[in-house]
Amino acid sequence: MEKFTRISAIAAPIVRENIDTDIIIPSREMKHVSKKGLSDGLFAGWRYSDMDARTPEPDFVLNDPAYLGTQILIVGENFGCGSSREHAVWALAEYGIRAIAAPSFSAIFRSNCIQNGVLPIAVDKTEIGRLAEQAVGGSNGIFTVDLLEQKILMPSGEKLTFDISQQDRQSLIDGLDPIDRTLQLSDQISAFEASRIGANPWVDLRVKP
Amino acid sequence: MAQTLFDKLWDAHVVTDLGDGSALLYIDRVFIHERTGSVALKSLQESGRKVRFPAHAFGTMDHIVDTIEGRDDNTIMPSGREFIEAMRDGCEWAGIRLFDVNDSDQGIVHVISPEQGIVLPGLSLVCPDSHTCSQGAFGALAWGIGSTEAEHALATSTLRAIKPKTMRIHISGVLDKSLTAKDVIMHIIGELGAAGGSGYAIEFCGPVVDAMDMEARMTLCNMGVELSAFTALIAPDEKTIQFLRGRPYAPSGEAWANAVDAWASLKSDADACFDKQIEINIDTLCETVTWGTSPEHALPIDGFIPEPTGESTAKALAYIGLEAGSAIRGTLIDGAFIGSCTNGRLSDLRRAANILKGHHVAPGVKAICVPGSMAVKAAAELEGIDRIFKDAGFEWRLPGCSMCFFAGGESFGQRARVISTTNRNFENRQGPRTRSHLASPATVAASAIMGHIASVSDIDERSSDQLMSAGGR
Ligand code: SF4
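Quick note, the sequences are listed as chains A and B, same order.
Per numbering that gives the first Met the number 0, the first sequence runs over residues 0 to 208.
Per numbering that gives the first Met the number 0, the second sequence runs over residues 0 to 472.
Don't read these hints as lab results, they were simulated from the structure.
Be careful, since some hints might not be right.
Claimed, not checked - DEER-style ranges, computed between Cβ atoms:
#1 A:Pro55 - B:Lys176: 48 to 58 angstroms
#2 A:Gln183 - B:Ala256: 36 to 46 angstroms
#3 A:Ile196 - B:Ser171: 31 to 41 angstroms
Since we're looking at a predicted model, the values are computed, not measured.
Here a beta-carbon is modelled for each residue, glycine too, at the ideal position from N, C-alpha and C.
All chains, full assembly: derive it from the sequences and hints.
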């Protein structure tokens, strides 16, 4: 997993509420049993005026040359709602998105971001408006997202601090595989399991025929 | 200290507190499907890891598999076979019980998990599928996760999670016989908004919930995620126990007695403190349908499409192809779909069949019924429900998610307007440019007959008109 400490990049505004994971990656774009090869289908319904022919939709922000190389998205409330498909985050990450600022995220999408080194930044609704204004024009303004200091530095020089749970912050900074981290607690897990099943034998299916 | 049901379930599964509101939780059951589970198994295999507790993991083929008679591993979706084979190989490698394509117990994960007694009160259960909250109807800590988290749960029997806040939705009033849990939950989403439950675990309670059977409770909890909630929950009661008794994976004998004892404490204490309390009265509730592209775009059947309030609603109107100010009732439809983990259970099919009996779908309407599981299908056929559907001009399919979502195979077509018992009316959800309107099975059946978005009462009226003219002849 790629570590996240600090990035400086172009930010693209897509400030609509309830952008669901079907929009981020339509199901038909999830063609293989793989976490790869998904960025081409990112926002396919909005990005292409003809999805089959892959004709770019000129009005879609990421098709504007000024936003080439975008690594930050500024979006509306409840981003990533809907289907749990992690493909949404895989597609975003593969496209190059490293951080997303939204007033709120769906819980599953948020966890999926953390699992994949993408930083979800919870930002007040009014501040989303400010960020979006500064993101107009794309390459004219570079944003810096600093996870160590929990700050966004806008092109105007304004700073915005954000909160994130220490667990998530550390996972992103370390970039360690979460399964490896948990496997270090194997003994504790086994002890917990033994006492849970001991007290509640009905939980255990191994005794079933 | 007084605790909510959610607090109790959470505490019972904390392996270790990770500080800052998060914990490593023990996971009692993992359920996966071929769509998101196949990639989790493959990745696990590639990383040289194992499934830690295979007896507590299950798999089903529901998302990509075809639902037409005579199906096999080939699918209408071009690369579907790859998912099905990867899932089967992965489950075999891991030693996981798989409800395979033509298994007599196959079906949609959230339908078969309760049918099999895999979900039980007090258990934690995760699935890489957002509607896992449906299973919270049993008083289980059940929530949807991503594929990487599924890998984590399979490999370690645990998951890291941030504890959500608690919300109690108390539903009072009396549910009219013409209405269903679907109308209730769509109404609630309309009231609270699609982000209304964001950051919360929701417990549904009150006289309306108490009066509901388990299938209706599942419908209610199913759409908890459409409020963006972490999960939804209902405290187990006698109905829960009766539903689960004797199910294949439910405990039996002494273990059953132990379990029932343990479940008695699974309710919020009388003075438990919720972070948020919401009161919903349904005495004036009507049949509910959606007009737009979010479940929050809900309207009473006699309602009018609202004026757009911003870019999101303007885009929704443009996508759905309707005009602000017009009545939703009477909107012409091209398709009708009955099925899914929201409304693909026996009671749902019975309700629809009651309406369809003696009627035929309107010309030009493509109507499809997909039972939620093989067991639902068999039970419906025993009652002759399949005949009623077929006589009415519905296709009667094999179980699966089918056209609840577009996997790249079948759809109703571009710009087709579909009334559907499913849970999501998102853009392109049921197919590229397909327009979806969510409703209850009864409302969908009535609309299919009328050829436009209609109320159940339209059928009653039509039936009595027909009776009168028949009597006069
Ligand atoms: S029926 Fe629809 S909502 Fe339910 S699990 Fe299948 S695809 Fe998801």
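Q) Looking back at the numbered hints, which does the structure fail to meet, lowest number first? A) Every hint satisfied by this model.
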